[in-house]
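Asks: Could you put the whole structure together from the sequences, leaning on the hints where they help?
Protein sequences, first through last, are from chains R and C. Note that the numbering used here numbers the first sequence so that position 300 is 300, with each residue one more than the last. Note that the numbering used here numbers the second sequence so that position 267 is 267, with each residue one more than the last.
Where chain R lies over chain C, by a calculated footprint (3+ residues, C-beta under 8 Å):
no.	region
1	282–295
2	312–323
3	326–340
Covered stretches of chain R (chain C as the covering partner; in silico rule of three or more C-beta atoms under 8 Å from a C-beta of chain C):
no.	region
4	291–297
5	308–314
6	317–327
7	333–341
8	375–383
Sample of chain R residues with no beta-carbon within 10 Å of chain C, all distances over it, derived:
no.	residue
9	Gly22
10	Ser35
11	Phe43
12	Ala134
13	Ala346
14	Glu350
15	His360
Rather than coming from a laboratory, the hints here were simulated on the basis of the structure. Ideal Cβ placement from N, Cα and C applies to all residues, glycine included.
Protein chains: 2
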Amino acid sequence: MSITAPKGFVAAGLAAGIKASGALDLALLATDDASAVPTAATFTTNLAAAAPVQVSRDHLERSGGRASGVLVSSGNANAATGAPGRDDASSMCALAASGLGVPIEHVLVCSTGLIGIPLPMQPIEAGIPVLVTARSGSEKAARDAAAGILTTDSARKEVLVETPSFAVAGMAKGAGMLAPNMATMLAFLTTDAAIEPRPLADLLRIAVRDSFNSMSVDGCTSTNDTVVLMASGRAGVGDPNVVVDRVTEACVSLAGQMVADAEGASKIVQIRVTGAQSDGEAHAAARKVADSLLVKCSLNGGDPYWGRVASELGSAGVAFDMDRLAIAYGGVVVCREGVALEHDGAAVAEHLAGSLIDIHCQLGLADGNGVVMGVDLGYGYIDENRTTS
Amino acid sequence: MSITAPKGFVAAGLAAGIKASGALDLALLATDDASAVPTAATFTTNLAAAAPVQVSRDHLERSGGRASGVLVSSGNANAATGAPGRDDASSMCALAASGLGVPIEHVLVCSTGLIGIPLPMQPIEAGIPVLVTARSGSEKAARDAAAGILTTDSARKEVLVETPSFAVAGMAKGAGMLAPNMATMLAFLTTDAAIEPRPLADLLRIAVRDSFNSMSVDGCTSTNDTVVLMASGRAGVGDPNVVVDRVTEACVSLAGQMVADAEGASKIVQIRVTGAQSDGEAHAAARKVADSLLVKCSLNGGDPYWGRVASELGSAGVAFDMDRLAIAYGGVVVCREGVALEHDGAAVAEHLAGSLIDIHCQLGLADGNGVVMGVDLGYGYIDENRTTS
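Replies: Right, here's the structure in full:
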């Protein structure tokens with residue numbers, strides 16, 4: 001379980017002093033020889049995108065999809081910080097680039113934490129050279145990096161997918177859509193497969209669609225969401241069609257770890273929509289159900305009232321015919337052709353009492369399928385988010 | 001405060017036995033001479049629209065925007081009930097029409113309550129003739145009608161707007177987007193102004209846009225939402241430009257009563273967005289903020305963390321430039337040009353401790369304005385909605 005397991009990567013983590021708690025709050029992921037390798041990234045679509053998102057997007061564009069390293073700070077999002085925030089993000093890249101001996105555009109930067117507060121640059125400036133020096137391929141260095149990107153997470157989120165010919169590793173922090181107090185979802189992946197920047201970007205887009213973009217805790221799109229994938233090419237092989245499946249597998253694992261760690265949630269729900277007009281419409285409908293306050297409350301209470309699910313599907317903005325709708329909880333069909341169906345109520349109650357709920361909505365229109373992972377809504381979410389401190 | 005105050009209307013309310021509690025659950029609003037008067041209605045956009053919505057929409061179309069009466073039942077939504085549900089809704093109209101001595105298409109029908117359960121037709125069929133006989137222009141009859149449409153509301157919601165030349169009255173129930181356990185928002189308005197069906201429909205659309213459609217408790221669009229406006233013409237006057245303002249005034253009052261009665265809410269928030277690219281974009285942005293789980297939680301806790309508001313604006317799908325954004329809580333500017341502004345923290349804390357919160361977001365782009373009323377999210381909402389019973 002190490003971000004440095006694929007050949008060609010080193011990492012480091014440090015308690016620089018951004019977090020008052022003294023926890024690790026600065027991390028570096030880099031190639032072991034400072035070479036700029038094919039690197040793809042997906043960023044938040046939020047128009048209030050944070051300074052590091054703006055800077056990283058720019059660097060990746062200027063470098064033609066190549067990077068030598070990613071610097072990550074946690075505890076402060078460097079969002080809503082204006083031009084000074086952009087200068088701070090650039091300075092972080094410049095310092096790391098200088099340490100690594102590479103051009104500034106070969107370093108990406110991510111931050112996670114509270115919005116609207118200037119970054120404490122003094123500890124960060126002092127920490128970066130220490131971090132650069134400490135970087136290594138050791139298990140401990142990788143663990144420190146995985147810890148250094150966390151905020152309210154209860155544990156490190158890591159994954160390693162190994163194949164006979166190449167490996168994919170990842171680390172993530174599950175805030176943002178999941179544990180939104182800190183307003184950020186970050187994930188970093190490495191592989192030693194050999195893939196050029198353009199196909200790498202294509203496959204990351206697919207992997208993200210089927211993992212991070214298929215989960216929702218509160219429907220909030222944060223200002224800092226970033227997923228980065230670096231490919232060292234050291235394994236010498238790289239059929240994108242093979243690699244995409246392994247990268248997706250790694251992303252799904254990290255997304256699952258995030259949902260499982262969602263603050264204040266007691267249940268995970270999998271909303272499966274089939275029979276939609278298209279995959280896109282199925283996904284939109286599943287997300288509408290997963291994001292519904294009423295549905296989330298009913299999951300918290302283990303309530304089998306499927307009328308709420310039907311109502312959300314009807315207002316999801318996708319093709320819908322009530323008379324063709326079927327709904328099943330844990331495989332037990334409770335609604336068919338849009339009306340209540342006699343069913344085993346005890347079986348539904350038992351399924352709803354569990355911690356992993358499956359709701360299947362068959363729209364009966366065409367072949368579009370989609371799945372979204374969500375969570376219930378209980379007191380815990382409110383407790384966690386009613387105040388910032 | 002009587003739905004029968006405008007000249008030409010009678011009403012009645014009855015405990016027919018739909019609700020196990022024995023509370024009033026059947027209501028009738030009709031013209032005093034059974035004449036079919038210009039009538040406009042707006043219905044839910046939910047594609048899982050309930051049977052009574054489908055039937056009423058059809059009747060209004062067939063009658064060319066005229067009706068003699070509206071029958072309302074509470075305790076069961078007659079939604080997700082398929083073809084039998086549509087037959088039940090038609091039977092209700094037929095019975096009322098027969099009692100009033102009018103064609104079936106001159107009667108509209110609304111139901112509110114749980115989804116997916118067949119209507120108990122026996123008590124309804126027994127109750128309708130009693131209701132028809134009981135109809136009158138008395139205060140008590142109007143009160144009974146206003147009570148007969150309620151579900152989880154804590155009190156009747158009524159309004160009367162009088163002018164020297166005409167009057168507008170209304171009654172409503174505040175479920176649906178507000179107290180969504182029962183999944184319905186219903187409002188009925190009468191006026192003795194003289195307005196033809198087409199301008200009546202136009203003015204109702206405007207009034208609804210600026211009242212009911214400018215509030216949100218949980219972003220859920222119910223299967224039964226309906227607003228009906230009947231115009232008897234007895235006052236003899238009817239400049240639509242004058243009447244629209246009074247109808248809007250009545251609708252705003254009823255919407256305000258709904259928000260104030262929102263289940264589980266402790267605070268009302270007014271999100272004002274100015275400087276948007278258009279009024280439509282301002283409204284969409286205000287709604288995104290009002291519906292945000294993170295913002296709603298922070299209101300519950302009286303937390304002044306404006307970063308959440310900025311993040312929601314950035315992901316609202318409207319034109320947005322972070323560097324032009326200003327945010328004020330209760331008139332105290334906390335963010336200007338997209339970054340934190342030194343401000344009187346005690347004044348903000350005091351404002352947030354109150355029960356009516358004002359958040360003003362100035363996007364700084366153009367002249368588009370919009371306001372959405374919302375509520376906080378606390379334990380009460382979860383308690384109310386985690387189980388159906």
